Amino acid sequence: MRQLSNISTLHISDLNVWYGKRQILKNLTFDVLANQVTAFIGPSNSGKTTLVRCLNRLNDLNTEFRHTGEILFNGKNLYSPKRKASEITKQIGMVFHKPIPFRKSIYDNVAYGARMRGMKHTAKLYDVVEECLRKAQLWTEVCDNLKSSPDILSNGQQQRLCVARALAGNPEVLIFDEPCEQLDAAETPKFEAIVQTLKNQYTLIFVTNKRRQAARVSDVAGFLFCGELVEFGQTEQIFTNPKDKRTEDYVTGRLG
Amino acid sequence: MQHYLESELKALQHQLLKMGGIAENMLRDAVQSVLNRDEGLARRVIAIDDTVDKLENEIEAKCIQLIARHQPVAFELRYLTMAMKVNRNIERLADKCVSIARRSIELLEYPPIQPFVDLPSVTLIIQEMVKDALDALVNRNAELARELRERDSKVNTIYEQMVRELCSLMAEQPQLIQSGISHLLLFRHLERVGDLTANIGEEVYYLVEGEVIRHSEIPNSLSE
Amino acid sequence: MNRSDPIFHIIALIILVLVFFLIWNFTNLIPDAKGGNTADRAVQDTLSIIYGHLYKMIPICCVVILLSLAVAFFLEEWLPHKSLQYRIIERIIAILASIPSLIYGLLGIYLLVVPADKVSYYQLTIIVSLLVMPYTIQSTQKAIQGVDISVREAVYALGANRWKVITGHVFPHAFPMISGGILTAISRVLATAALIIVVCDWKIPESNSTSSFGFSSSVVVLLLSALSLSVLSSLVAKNVNHINLNGIV
Chain A
1 MRQLSNISTL HISDLNVWYG KRQILKNLTF DVLANQVTAF IGPSNSGKTT LVRCLNRLND
61 LNTEFRHTGE ILFNGKNLYS PKRKASEITK QIGMVFHKPI PFRKSIYDNV AYGARMRGMK
121 HTAKLYDVVE ECLRKAQLWT EVCDNLKSSP DILSNGQQQR LCVARALAGN PEVLIFDEPC
181 EQLDAAETPK FEAIVQTLKN QYTLIFVTNK RRQAARVSDV AGFLFCGELV EFGQTEQIFT
241 NPKDKRTEDY VTGRLG
Chain B
257 MQHYLESELK ALQHQLLKMG GIAENMLRDA VQSVLNRDEG LARRVIAIDD TVDKLENEIE
317 AKCIQLIARH QPVAFELRYL TMAMKVNRNI ERLADKCVSI ARRSIELLEY PPIQPFVDLP
377 SVTLIIQEMV KDALDALVNR NAELARELRE RDSKVNTIYE QMVRELCSLM AEQPQLIQSG
437 ISHLLLFRHL ERVGDLTANI GEEVYYLVEG EVIRHSEIPN SLSE
Chain C
481 MNRSDPIFHI IALIILVLVF FLIWNFTNLI PDAKGGNTAD RAVQDTLSII YGHLYKMIPI
541 CCVVILLSLA VAFFLEEWLP HKSLQYRIIE RIIAILASIP SLIYGLLGIY LLVVPADKVS
601 YYQLTIIVSL LVMPYTIQST QKAIQGVDIS VREAVYALGA NRWKVITGHV FPHAFPMISG
661 GILTAISRVL ATAALIIVVC DWKIPESNST SSFGFSSSVV VLLLSALSLS VLSSLVAKNV
721 NHINLNGIV
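Residue numbers (the numbering used here), protein chains in the order written: chain A, 1 to 256; chain B, 257 to 480; chain C, 481 to 729.
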């Protein structure tokens, strides 16, 4: 077993979230540790996506969003009025539930992430693109047609392209929001393998509604149910000896 | 992902082999301590058992963790269930070695009785068996694994022979009864080691062939 | 299929230029209406003046269209959708856009042009903006709303600010539909002009026949250009649907 680090990258305490009058998340308190895969599982509508969107301030787009509680990113308040949301998202990247390639070439898609952090020099940019595509294990498949549109790629390749693009922004934390939802059975293991290799360099947060997937990829897992963080702990413990009855029901497939 | 589980299984096998190797050495040293009346060696064997116990816990936890996280099927499922059973068998084997070492310390209180010619030879056979069991595991050798059962029945035959000899000795010289009983227990432990090794063979056979041979008849060719 | 986008837009531009060139040419053919009673003369003069001033609408149209784009982007990107201002403005625009364009034209003539007895930029601007703005704003709003929210989020998630998201992604993605809407709005203006000419012409049947001929042929030209523009706009819009169906966001 890999030595688990205990540096807390994100510290969340007493997080409550509302959309309008509806409360989505209730009193969440947990830590996301550096260089680990932290997975959130739970049935649909349990608030998983809302939770991770709080962590990179993507919820700011929603005007109805309201929250109380504290989120510390490397010890500093994520929602302090001095910090711009666009600065946060540069450090906390995200891969969405469906592949969203931009209408640019494959090269420019990845370069877009690097340009976002102010990179201009082309030769260096090319290196960054190659490195990120390699990290996303896509380089060998696309190195011959970097200039073509991402349309030629399969769904799974497009999703890996999105991973490369997010990596090009050089984030510290990378959030995966049900990234394998639209991938087929052959692509999913590849994607999970990438997650395993990425955790050495990044702190990963992985949202999934497939409990088996969470069991495979994560080091720490949290079970969300109706906006409550029912249980949060080592993945092995959640999947072998859950403390809460609801967690047990969920991981055994009786719930949701 | 699949190759991730594969590497985990390799690491698991490595640990199993490490544990098996320790048990193998324990067996050799335990019997040696009996033959040479070497108390120090016996105590060393007893001390090593802690390591084995720790390893057993580790391996078991690892197996459970892998099953919980990967929910393996087919070969990987067979491998993990086998690993758990082999793990248990090796640990018991080590325990038997500790018991042999204890008897060896106990026997120091009594004068040596007539040397048992069969003891070194049967130990050699069992040592070979343990070694082959681990080899069969590494090489996925079903044939070698199945043979262990036949070799175990050979060990049993020799064991019965030794017990008979011991009985007649005790009948002739009642003052040797105490020491004789210790010997009897010692032989019994040794015989159990053979059984456990055969069990490992059965598990390895199940791993490779997917077939349970635990309670089937042993072919008569060698059991005679 | 992305490559076909510019072609459509170039065609649209060519047709626009042609249309305005034709209109400009036709202004020379219109004979000055003389004679008749003063009221009729006033109307007739007004008509010819309007027609003569059609080409003046080009810069006005440009300004008004840019203004409508700004308003639409402000509404969609800055104003919260549930806020009172947004709902009020949106409702007003919807009502304005649903009024037939002929009514704007006639109201414009009888309330603004006839009393003043001249056509100034001020009056033209009011009429054109009433004709163009609500419709353009509405179609631009639809176009912006049509941009997949996930694209927007993906750009935000890379650390872009609002301005970069709008200029770099929302506008390019919505552009085909926006240009379709603009084309339709312009064709509305032209069609309205044609209608006004027809309506007013019928109201003054005793006007001389030569001008009548001039009017009817200009009506045909206006209607044809309006028709071609709306066909073109539907082509552009179809192109958008085509892209969306293929899952390219």
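Please note that a few of the clues may not be correct.
No farther apart than 30 Å at their CA atoms in a straight line, the calculated lysine-lysine pairs in the BS3-like style are these [as the list claims (entries may be wrong)]:
id	chain 1	residue 1	chain 2	residue 2
1	A	210	A	190
2	A	21	C	622
3	C	562	A	21
4	A	82	C	644
5	A	135	C	644
6	C	622	C	562
7	A	104	A	82
8	A	26	C	562
9	A	104	C	562
10	B	266	A	135
Simulated from the structure, these hints should not be mistaken for lab results. All figures in this text were calculated on a predicted structure; none of them were measured in a lab.
Now the hints, each set against the structure:
| no. | hint | result |
| --- | --- | --- |
| 1 | A:210 <-> A:190 | holds (16 Å) |
| 2 | A:21 <-> C:622 | holds (28 Å) |
| 3 | C:562 <-> A:21 | holds (13 Å) |
| 4 | A:82 <-> C:644 | holds (20 Å) |
| 5 | A:135 <-> C:644 | holds (27 Å) |
| 6 | C:622 <-> C:562 | holds (17 Å) |
| 7 | A:104 <-> A:82 | violated (33 Å) |
| 8 | A:26 <-> C:562 | holds (25 Å) |
| 9 | A:104 <-> C:562 | violated (34 Å) |
| 10 | B:266 <-> A:135 | holds (25 Å) |
Checked against the numbered hints above, the structure violates hints 7 and 9; every other hint is satisfied.
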